[in-house]
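Spelled out, the chains give:
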Amino acid sequence: MINIGVFKFASCDGCQLSFFEIVEEILKIGDINISFFLEAQSKNRFDEFDISFVEGSISTPEDIELIKKIREKSKKVVTIGACATSGGIQSIRNYLNYKEILEYVYPSPEYINSLEKSHPSSDFIEVDYELRGCPINKKHLLEVINSFLLNKTPNLPRYPVCLECKIKGNPCVLVLGKPCLGSITVAGCGSICPSYNRGCYGCFGPIEKPNIEHLQEIFKEKGFKGDMFEDILTSFNAYNRTYREQYEKES
Amino acid sequence: MKKRVDILTRVEGEGKIIINEKDGKIESVVLNIFEPPRFIEGILVGRKYDVIPDITARICGICPVAYQMSGVQAIESAFGIDVSREVEKLRKLYYYGEWIQSHSIHVFFLHLPDFYGKSSIFEIAKERAEILKDALRIKSVGGKIVEIIGGRVVHPVSVKAGGFTRYPEKEELKSLIPLIEESIELAKKYTEEFSKLNFPEDNIIGNLQFVSLYGDDEYAILNGRIVSDRGLDIDKDEFKEVFKEFQVGSSTAKKCRIYGKNVYIVGAMSRFNNNYEKLSDEALRLSKKINLSPPVKNSFKSILVRMVEIVHSMEKAIEIIKTYEKPEVETEFKTKRSEGTGVSEAPRGVLWHKYSFDEYGIILSADIVPPTSQNQDIMEINTYNFIKFMTEKEKILTFAERVVRNYDPCISCATHLISLD
Numbered sequence: 001m002i003n004i005g006v007f008k009f010a011s012c013d014g015c016q017l018s019f020f021e022i023v024e025e026i027l028k029i030g031d032i033n034i035s036f037f038l039e040a041q042s043k044n045r046f047d048e049f050d051i052s053f054v055e056g057s058i059s060t061p062e063d064i065e066l067i068k069k070i071r072e073k074s075k076k077v078v079t080i081g082a083c084a085t086s087g088g089i090q091s092i093r094n095y096l097n098y099k100e101i102l103e104y105v106y107p108s109p110e111y112i113n114s115l116e117k118s119h120p121s122s123d124f125i126e127v128d129y130e131l132r133g134c135p136i137n138k139k140h141l142l143e144v145i146n147s148f149l150l151n152k153t154p155n156l157p158r159y160p161v162c163l164e165c166k167i168k169g170n171p172c173v174l175v176l177g178k179p180c181l182g183s184i185t186v187a188g189c190g191s192i193c194p195s196y197n198r199g200c201y202g203c204f205g206p207i208e209k210p211n212i213e214h215l216q217e218i219f220k221e222k223g224f225k226g227d228m229f230e231d232i233l234t235s236f237n238a239y240n241r242t243y244r245e246q247y248e249k250e251s
Numbered sequence: 001m002k003k004r005v006d007i008l009t010r011v012e013g014e015g016k017i018i019i020n021e022k023d024g025k026i027e028s029v030v031l032n033i034f035e036p037p038r039f040i041e042g043i044l045v046g047r048k049y050d051v052i053p054d055i056t057a058r059i060c061g062i063c064p065v066a067y068q069m070s071g072v073q074a075i076e077s078a079f080g081i082d083v084s085r086e087v088e089k090l091r092k093l094y095y096y097g098e099w100i101q102s103h104s105i106h107v108f109f110l111h112l113p114d115f116y117g118k119s120s121i122f123e124i125a126k127e128r129a130e131i132l133k134d135a136l137r138i139k140s141v142g143g144k145i146v147e148i149i150g151g152r153v154v155h156p157v158s159v160k161a162g163g164f165t166r167y168p169e170k171e172e173l174k175s176l177i178p179l180i181e182e183s184i185e186l187a188k189k190y191t192e193e194f195s196k197l198n199f200p201e202d203n204i205i206g207n208l209q210f211v212s213l214y215g216d217d218e219y220a221i222l223n224g225r226i227v228s229d230r231g232l233d234i235d236k237d238e239f240k241e242v243f244k245e246f247q248v249g250s251s252t253a254k255k256c257r258i259y260g261k262n263v264y265i266v267g268a269m270s271r272f273n274n275n276y277e278k279l280s281d282e283a284l285r286l287s288k289k290i291n292l293s294p295p296v297k298n299s300f301k302s303i304l305v306r307m308v309e310i311v312h313s314m315e316k317a318i319e320i321i322k323t324y325e326k327p328e329v330e331t332e333f334k335t336k337r338s339e340g341t342g343v344s345e346a347p348r349g350v351l352w353h354k355y356s357f358d359e360y361g362i363i364l365s366a367d368i369v370p371p372t373s374q375n376q377d378i379m380e381i382n383t384y385n386f387i388k389f390m391t392e393k394e395k396i397l398t399f400a401e402r403v404v405r406n407y408d409p410c411i412s413c414a415t416h417l418i419s420l421d
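Those protein sequence lines, which keep their order, are chains H and C.
Going by the numbering used here, the residue at position 17 of the first sequence is 17; the numbering climbs one at a time, nothing skipped.
Going by the numbering used here, the residue at position 121 of the second sequence is 121; the numbering climbs one at a time, nothing skipped.
Because the hints were derived from the structure by calculation, they are not lab data.
One thing to keep in mind: the hints can contain errors.
Unchecked claim - Residues from chain C that keep clear of chain H, each with C-beta distances beyond 12 Å, as calculated:
hint, residue
1, 18
2, 51
3, 92
4, 102
5, 164
6, 165
7, 195
8, 196
9, 214
10, 218
11, 232
12, 241
13, 260
14, 263
15, 300
16, 392
As the list claims (entries may be wrong) - Lysine to aspartate or glutamate pairs mimicking DMTMM-like chemistry, simulated, CA-CA at most 25 Å apart:
hint, chain 1, residue 1, chain 2, residue 2
17, H, 138, C, 172
18, C, 144, H, 21
19, C, 170, C, 185
20, C, 126, H, 50
21, C, 189, H, 24
22, C, 301, C, 6
23, C, 388, C, 201
24, H, 152, H, 50
25, C, 118, H, 24
26, C, 255, H, 100
27, H, 43, H, 62
28, C, 395, C, 114
29, H, 69, H, 126
30, H, 43, C, 130
31, C, 170, C, 330
32, C, 133, H, 25
33, C, 16, H, 47
34, C, 326, C, 82
35, C, 3, H, 110
36, H, 222, C, 50
37, C, 16, H, 65
38, H, 209, H, 250
39, C, 2, H, 62
40, H, 225, C, 76
Every residue, glycine too, gets a C-beta built ideally from N, C-alpha and C.
From just these sequences and the hints, can you work out the full model?
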């Protein structure tokens, strides 16, 4: 019997919903016991887990304690989605003035219990596998579960979105004059945005060693105005290691 | 003073109910939302108007379309963009897709186990496997509609000011009709079955007002005036003048009431009570058959109202698909220094946005009021009234949680507004 836990930190719940989408497939695998999943069931046990899935970014002191406890009790920890993997949309604040934002959103900021920065799980614990995407692709979730059961490495794309466009036969939206991060963003969504006549906005986060400078030059050449490049880059995966290192190097 | 704390399960997001007792009597109920804040409004300021549909969608993974629709309407109001009839029809179809998807998750996965005394739908499925299968089928109708129009179910990508980045071909949409027709029958069957469930007596009492959108020609979803069953009737621009937030005694939570004093409720029950006669033919026939008519005041019966709205959404979806023509013209517009509001009926009720922009379309301010923050007050009152004379600990906790769940609260949505204890 495989014990699974599904946990949530700061997030929109969108990645957890994937479990509802693949529930029939999970039941077919058999021998799986979901022992902790607050959103799906009222009886939950925090015991020992074979695999723990973590959604959401670490944003409060209590979150840090809980993620460490989850690590202790779990054989494998898998982050699901941009929040848990890269800090999520809320990590845009990591590059802004925290106090200003806090006071802007909350009339009584003294009651808000929050860390200044929104962190990926990997800032505090060792993570066995990180699932990308805002939201994740449900097929990837199933691939991870199956792979761990079979004791193999999940087979998920490491190539950029561009390749998915080529396979689909999409005309290149960057060439057509739309700002697109496809060349530096890891594939997995099925190149949805270019298929819907818009540029990729990087919700699966960067590939390994992305050529950021070159794409930035292309953006300039194309005449995309203002901080468009930085704005797209520092959005759904704002606190991703790659962007973070680049940012810290620059400042 | 004794405190009982119960962690909420089977809701969107994370929260707990705190039940305060004194001398063996229940004194008050507090719904505490302990999700960490995500500062979405603060993040929006300084960015360009076109990020609104993408970024606000991330407030909620179960109702991203609602955020996109209220948001884009605010942009269009600000810049004076006229939306064509065809675009408006497609947006409604897109939104019906989300109602179907979100309602089926709540009805089957989150709410139904309460009536079966089970921990989850998986437990129900051990005895009745077909329920899970049918639930997924009904839900998939909504998912497929959103996916075709928006590219994916969670955080779809195609919404922009004036329309969509891509318009589906008529054939793509038409291919869904057999599935929808079949699912209407399935949804009707389950509605009739659920109408025979055991509903505890629960009359939401007091000076409560049912608040929803209202349109002359249909069961409002995408836009309309903001009305109540007691004669309130205002434009979206007047929202903040009427719905006032205030701080309650020693609590740090903020509540929202009409003129700061009248308790109100938003969501499926309010929509049903205010728009009943505008339901689609099948949905209206179904309501009559199960004796569900306004005013519905028993919050446990919201499961039936959501089922009726699923049937309504499916029937309207077919109607739109049959007359759909792919829009051809791109809407041109210019940004200007301005402000605009947007309001629509999210699956959980009235969702209001307001933004101001500079002449380049940069966001200067952002204000979002989600339905769950508006319902916090009535959820606490309803829970308190329901459990105040109960004495068994187990029963108190079970029913407190059940009443809150009747409202389908989305705590991920509410978090970004309410101060935390």
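Discussion item. When the structure is checked against the list of hints, which entries are broken? Sort them ascending.
Written reply: Result: hints 2, 4, 5, 6 break, sorted rising.
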